[in-house]
Amino acid sequence: MKEFKLNENSKITSGFTTPEGYFDQFTIELNNKLNLTNTEIKVVSIQTKRVLTLVAAIVVVALSVSVYSKIIISNSEENNTTENYITNHSEICQYDLIALLDKNDIENLSIELNNNNSKNDDEFVNSNDLYNYLTE
Amino acid sequence: MEEKEFILQLLNPKTQNNAFQKLLSDYKRPLYNHIRNIVLDHDDSNDVLQNTFIKVFQNLNKFKGESKLYSWIYRIATNESITFINKKAKLGGTTTSVLKSKMVDNLEADSNFDGNEIQIKLQKAILTLPEKQQLVFKMRYFEEIKYEEMSIILGTSVGALKASYHLAVKKIEILMIKD
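Those protein sequences? They're chains A and B, same order as listed.
According to the numbering used here, the residues represented by the first sequence are 880 to 1015, in order.
According to the numbering used here, the residues represented by the second sequence are 149 to 327, in order.
Since the hints were made in silico from the structure, they are not lab data.
Positions of the beta carbon are idealized from the N, C-alpha and C atoms, including for glycine.
Heads up, some of the hints might be wrong.
Claimed, not checked - Listed below are the simulated DSS-like cross-link pairs for lysine-lysine, each with C-alpha atoms no more than 30 Å apart in a straight line: (1) Lys162(B) <-> Lys912(A); (2) Lys250(B) <-> Lys272(B); (3) Lys318(B) <-> Lys890(A); (4) Lys890(A) <-> Lys250(B); (5) Lys884(A) <-> Lys310(B); (6) Lys912(A) <-> Lys319(B); (7) Lys912(A) <-> Lys212(B); (8) Lys272(B) <-> Lys884(A); (9) Lys912(A) <-> Lys203(B); (10) Lys236(B) <-> Lys884(A); (11) Lys294(B) <-> Lys890(A); (12) Lys890(A) <-> Lys326(B); (13) Lys235(B) <-> Lys280(B); (14) Lys310(B) <-> Lys912(A); (15) Lys294(B) <-> Lys152(B); (16) Lys235(B) <-> Lys884(A); (17) Lys912(A) <-> Lys238(B); (18) Lys272(B) <-> Lys890(A); (19) Lys912(A) <-> Lys235(B); (20) Lys884(A) <-> Lys269(B); (21) Lys250(B) <-> Lys162(B); (22) Lys884(A) <-> Lys170(B); (23) Lys210(B) <-> Lys912(A); (24) Lys890(A) <-> Lys319(B); (25) Lys152(B) <-> Lys912(A); (26) Lys216(B) <-> Lys890(A); (27) Lys884(A) <-> Lys319(B); (28) Lys280(B) <-> Lys890(A); (29) Lys912(A) <-> Lys236(B); (30) Lys890(A) <-> Lys176(B); (31) Lys884(A) <-> Lys162(B); (32) Lys890(A) <-> Lys269(B); (33) Lys890(A) <-> Lys310(B); (34) Lys280(B) <-> Lys212(B); (35) Lys884(A) <-> Lys238(B); (36) Lys212(B) <-> Lys152(B); (37) Lys912(A) <-> Lys170(B).
To be verified - Simulated DEER-style distance windows between Cβ atoms: (38) Asn209(B) <-> Asn888(A): 44 to 54 Å; (39) Lys890(A) <-> Gln206(B): 28 to 38 Å; (40) Gly240(B) <-> Arg929(A): 40 to 50 Å.
Based on the sequences and whatever the hints tell you, model everything.
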């Protein structure tokens, strides 16, 4: 009877094969599944991009608000300085102020005065307690 | 590079990507062969191989370094393969041995098998062995894994593995000369 020796005969392989390029394709598919890359290029994910855009937007808004509020504060400081200047310099008399008014300013003032007068008239008519108004 | 250093690179988010690519490059071919020897079909092997690498990647932080990385990865691949083939047989309403017999019978028609008559005969002879002996024979004969490594992967003593392989060879040698 013929003998068969596994370890003495030439090696018998399993005979299993793979499709061409299978292992390269496998690497690509697995990396996609695990969200990895087989190069050193750093890929910024969409999520990270969104976060960076949001942070940038917040910084721009914060800077705009602080610059705007500084402008407002500086304007009100200028107005206060002018008011204080006028108040503290008593040598400026009403004639000096009138001299600074132009025609338009005078017309606006007269309109305001007329409005105030008509308001007063109505209040007098409708009010029962005239004494308070007269004494104020 | 020492294995401990390589494991640290795998665990460090900054070096993990490159380290995993190296692991993939080193292990994809031998692991595929190991899995294919158990599950027999190429498409099934592809699925199991993917699952194996995904499990390795997801459980790297749990790897304690008590065994070699090689043994740990092979153990995962072996467990995944056995679980897969058992599940496939169950879904088909049959046993694992019957399923494997059908698959070996169809090997000639498989486009991813280019074996000759002797190779088919060897595959059929292997199927006559008990499950564990089949695994030991394939790992030793086709993959040439050392008994010491096999012992860690399969959790069996080196002596028992040697005895198992010796018995398997004897049975196969008898079957190979039968018509």
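Okay, the hints, checked on the actual structure:
1. Lys162(B) <-> Lys912(A): holds, 19 Å
2. Lys250(B) <-> Lys272(B): holds, 10 Å
3. Lys318(B) <-> Lys890(A): Holds. Lys318(B) to Lys890(A) sits at ~16 Å (cutoff 30 Å).
4. Lys890(A) <-> Lys250(B): holds, 25 Å
5. Lys884(A) <-> Lys310(B): holds, 17 Å
6. Lys912(A) <-> Lys319(B): Not satisfied, since the Cα-Cα distance of roughly 43 Å exceeds 30 Å.
7. Lys912(A) <-> Lys212(B): Roughly 25 Å separates the two Cα atoms, so the pair holds.
8. Lys272(B) <-> Lys884(A): holds, 17 Å
9. Lys912(A) <-> Lys203(B): Between Lys912(A) and Lys203(B) the Cα gap is close to 12 Å, so the pair holds against 30 Å.
10. Lys236(B) <-> Lys884(A): Since the Cα atoms of Lys236(B) and Lys884(A) sit roughly 34 Å apart, the hinted pair is violated (cutoff 30 Å).
11. Lys294(B) <-> Lys890(A): Judged against 30 Å, a Cα distance of about 17 Å means the pair holds.
12. Lys890(A) <-> Lys326(B): The given pair, whose Cα atoms are some 19 Å apart, holds under the 30 Å limit.
13. Lys235(B) <-> Lys280(B): holds, 17 Å
14. Lys310(B) <-> Lys912(A): Given pair Lys310(B), Lys912(A) is violated - Cα atoms ~40 Å apart, limit 30 Å.
15. Lys294(B) <-> Lys152(B): holds, 22 Å
16. Lys235(B) <-> Lys884(A): violated, 35 Å
17. Lys912(A) <-> Lys238(B): holds, 28 Å
18. Lys272(B) <-> Lys890(A): holds, 17 Å
19. Lys912(A) <-> Lys235(B): holds, 23 Å
20. Lys884(A) <-> Lys269(B): Answer holds: Lys884(A) to Lys269(B) is near 14 Å, not above 30 Å.
21. Lys250(B) <-> Lys162(B): violated, 48 Å
22. Lys884(A) <-> Lys170(B): Roughly 39 Å separates the two Cα atoms, so the pair is violated.
23. Lys210(B) <-> Lys912(A): This hinted pair holds, its Cα atoms lying about 21 Å apart.
24. Lys890(A) <-> Lys319(B): holds, 17 Å
25. Lys152(B) <-> Lys912(A): holds, 26 Å
26. Lys216(B) <-> Lys890(A): Since the Cα atoms of Lys216(B) and Lys890(A) sit roughly 29 Å apart, the hinted pair holds (cutoff 30 Å).
27. Lys884(A) <-> Lys319(B): At roughly 11 Å apart (the allowed maximum being 30 Å), Lys319(B) and Lys884(A) satisfy the hint.
28. Lys280(B) <-> Lys890(A): holds, 22 Å
29. Lys912(A) <-> Lys236(B): holds, 23 Å
30. Lys890(A) <-> Lys176(B): Measuring from Cα to Cα gives roughly 23 Å; hence the hint holds.
31. Lys884(A) <-> Lys162(B): violated, 52 Å
32. Lys890(A) <-> Lys269(B): Given that 30 Å is the threshold and the Cα spacing comes to 14 Å, the pair holds.
33. Lys890(A) <-> Lys310(B): holds, 19 Å
34. Lys280(B) <-> Lys212(B): Answer holds: Lys280(B) to Lys212(B) is near 27 Å, not above 30 Å.
35. Lys884(A) <-> Lys238(B): Given pair Lys884(A), Lys238(B) is violated - Cα atoms ~36 Å apart, limit 30 Å.
36. Lys212(B) <-> Lys152(B): holds, 10 Å
37. Lys912(A) <-> Lys170(B): Within the cut-off at roughly 17 Å; holds.
38. Asn209(B) <-> Asn888(A): 44 to 54 Å: holds, 47 Å
39. Lys890(A) <-> Gln206(B): 28 to 38 Å: Hint holds: Cβ distance 36 Å, inside 28 to 38 Å.
40. Gly240(B) <-> Arg929(A): 40 to 50 Å: Distance hint for Gly240(B), Arg929(A) holds at roughly 47 Å.
Hints 6, 10, 14, 16, 21, 22, 31, 35, counting from the list given before, are not met by this structure.
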